[in-house]
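J.: Read off the chains here:
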Amino acid sequence: MAVNERTSEASFKESVGLCVCSNLKYGLNFMNELGSQDGSSSGKAIVAEHLCKTFEITKGMLRRKKTQVVALKDVSFEVDYGELFGLVGPNGAGKTTTIKILTTMLIPTSGRATVLGYDSRKDVTKIREKIGIVLGGERGLYTRVSAVDNLRYFADLYGVPRNIQDKRIKELLEFMGLSDKAHVRVETYSKGMKQRLHLARGLINDPEIIFLDEPTVGLDPEIAIETRSMIKGLVEKGKTILLTTHYMFEADALCKRVAIIRNGDVVALDTPSGLKRYVMETSVVEVEGFGITEKEVARFREMKDIISVSAELGENKQVLKIQTPKGSEIISEVQEVLKDSHIYDIKIKEPTLEDAYLKLVAT
Amino acid sequence: MPNTLRVIYSAFRMAMLYWMADPQWIIPNVIAPFVFTAVAFTLFNAYEGSSGPFGLYAVLGGGMMGMWGNTIYSSGFAISFEKWQGTLEEVMAAPSKFIHVIAGRSISNALFGLINMVAVFIVGIFVFKISLGIYDPILFTISLLLTLLSVSALGLIFASAFVLSRSAQTLTNGLETPLYIISGSMFPIALLPFWSHPLAYILGPTWGIDAIRLTTSQQYASQTFWTGMGTNSALFLDLTVMILITAAYAAIATVLFKMVETRARTMGTLVEA
Chain A
1 MAVNERTSEA
11 SFKESVGLCV
21 CSNLKYGLNF
31 MNELGSQDGS
41 SSGKAIVAEH
51 LCKTFEITKG
61 MLRRKKTQVV
71 ALKDVSFEVD
81 YGELFGLVGP
91 NGAGKTTTIK
101 ILTTMLIPTS
111 GRATVLGYDS
121 RKDVTKIREK
131 IGIVLGGERG
141 LYTRVSAVDN
151 LRYFADLYGV
161 PRNIQDKRIK
171 ELLEFMGLSD
181 KAHVRVETYS
191 KGMKQRLHLA
201 RGLINDPEII
211 FLDEPTVGLD
221 PEIAIETRSM
231 IKGLVEKGKT
241 ILLTTHYMFE
251 ADALCKRVAI
261 IRNGDVVALD
271 TPSGLKRYVM
281 ETSVVEVEGF
291 GITEKEVARF
301 REMKDIISVS
311 AELGENKQVL
321 KIQTPKGSEI
331 ISEVQEVLKD
341 SHIYDIKIKE
351 PTLEDAYLKL
361 VAT
Chain B
1 MPNTLRVIYS
11 AFRMAMLYWM
21 ADPQWIIPNV
31 IAPFVFTAVA
41 FTLFNAYEGS
51 SGPFGLYAVL
61 GGGMMGMWGN
71 TIYSSGFAIS
81 FEKWQGTLEE
91 VMAAPSKFIH
101 VIAGRSISNA
111 LFGLINMVAV
121 FIVGIFVFKI
131 SLGIYDPILF
141 TISLLLTLLS
151 VSALGLIFAS
161 AFVLSRSAQT
171 LTNGLETPLY
181 IISGSMFPIA
191 LLPFWSHPLA
201 YILGPTWGID
211 AIRLTTSQQY
221 ASQTFWTGMG
231 TNSALFLDLT
241 VMILITAAYA
251 AIATVLFKMV
261 ETRARTMGTL
271 VEA
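The listed protein sequences derive, respectively, from chains A and B.
For the first sequence, my numbering begins at 1 and goes up steadily by one.
For the second sequence, my numbering begins at 1 and goes up steadily by one.
Same shape as in the complex, but just chain A (with noise of 0.2 Å):
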């Protein structure tokens, strides 16, 4: 067993630095350099103000039964021109209703939210000509047509002209590493060749805003690596982006601010490092194992020192992060908890954006 002090931060940061995708190299020419502040009186490009959604479920056919579910209770934020900001929460804690609100396609049940100056409720085509929705994962692609025909259709639902669309899908395709697939039905591509063709859908209007919906969820590291380093340069490229996304190392590295919500309330608002300040009393004891069971992180969150406990038990190891005030001093504790496990490495780490996002949403 060995005690490791380590203090750096997630070396993610650097390896996004070094990896910026090569594609990056293509020119994107028709990208606004900075976001234009279409009748913004605050300045703002979104503001969200006390977004309320409640929605009605009704079960059964004679006996109608209607239930009241709330996706979101009180959600209030901006964000600025050429801000990436980061909304970060649980599955379930109102993410994707704040999105769908902010892109028109929810009404809230209360509140107000405007999107570069325009009402989300009542200017709803003139917020959707100039914003970009990517919603993660494999679907909401063609996959029976190419790259060319999704894009070219999009460009027609977004009422991009003849003239520019030829030129626009031609630089996106380049700047997304499609161009030699560009007319190969989109079914035979890859995980990440189909993310990277949801972000040129995403950029095919030249949208001033782009809300992106868990861009790197299910994709291999090196693949979201490409996508985060994508993001980077959109950002780079004067584009407000609004990210919601489970990896808080994700967040940390791309966001200029985060907003923490739980169960359809943001419970923290901050910068990444504003937000660590939560936890900087604390420490983070990681332990690896082998014969790790839920019994023993129970008896873990029963523990009074302990903050909270997240647990990752695979089959082979199992890695417990356990945020505490009490830092080296609970290790013997931790070693009584697992006596009849086996412990292969405890190291005590400085609290990340992970713990930080751990302890208010345990609060």
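Because the hints were derived from the structure by calculation, they are not lab data.
Among these hints, one or two may not hold up.
[Said to hold, decoys possible] Between beta-carbon pairs, the in silico distance windows are: (1) T58/A <-> K258/B: 37 to 45 Å; (2) R185/A <-> T4/B: 50 to 58 Å; (3) I31/B <-> K191/A: 35 to 43 Å.
[Stated by the list, open to error] Computed far set for chain A versus chain B, every beta-carbon distance over 12 Å: (4) E56; (5) F77; (6) N91; (7) R152; (8) D156; (9) G177; (10) S190; (11) K237; (12) K349.
None of these values were measured; they are calculated from a predicted model.
Ideal Cβ positions, reconstructed from N, Cα and C, are used throughout, including at glycine.
Based on these hints, arrange chain B on the given structure of chain A.
T.: Here is chain B on its own, set in the frame of chain A:
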């Protein structure tokens, strides 16, 4: 704001590309009407001989069944398909009007039904030796294309239900055959119960199939449900009423789609698969 015709054309093109990429969709839409036509023609032929007007009913009816069935089935399926592909949200999030996208798809579906109709014509003429002289080819083509638009517009009304409900397929499956019979595609509506006549008259395809028959056979004019008029005035009436009904369908579909979109934005029911 995207150009309406451009959006309709683009949706039409995408649907055609998909049809070409996946030709198995054609099989149920070609085989079913063909079998139905063959059965009907055999029955009519045994009753009256191949030169009688019922043979015309069989061939035109079989063709109409293809066009009609294809539109109703495929318009609904087009939306279900978008849901399965996960593209419905992307399409609805675009600034173009969703009804224009579905209109393009609906027209492509009706056009495939038209191809089906041609196949039935060819089989009727060459296999069953039916005498089908087209009396006025130009008016025949105009009548056929207007009927195609009318069927497409009716398909749009049904399509609106598919945005919201997963059980909409049941609705259209249940309505396909009654509407097909009531519109007089296969049988003269005079043979149908009187109560069904008002229903027949509010269906654009009823007037369309009558117009097609008039342009196909001059002598057949006296047997249409609108008696006492010469061929041209009866045809003019058929086409005028059909255009008015089609315009009404388009207006109703526009209102329905607006309601459906508002409901989807309020209830969040868009992505039900």
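J.: Run every hint past the structure and note whether it holds.
T.: Against the structure, the hints:
| no. | hint | verdict |
| --- | --- | --- |
| 1 | T58/A <-> K258/B: 37 to 45 Å | 22 Å, violated |
| 2 | R185/A <-> T4/B: 50 to 58 Å | 29 Å, violated |
| 3 | I31/B <-> K191/A: 35 to 43 Å | 37 Å, holds |
| 4 | E56 | 7 Å, violated |
| 5 | F77 | 21 Å, holds |
| 6 | N91 | 16 Å, holds |
| 7 | R152 | 7 Å, violated |
| 8 | D156 | 4 Å, violated |
| 9 | G177 | 22 Å, holds |
| 10 | S190 | 17 Å, holds |
| 11 | K237 | 22 Å, holds |
| 12 | K349 | 38 Å, holds |
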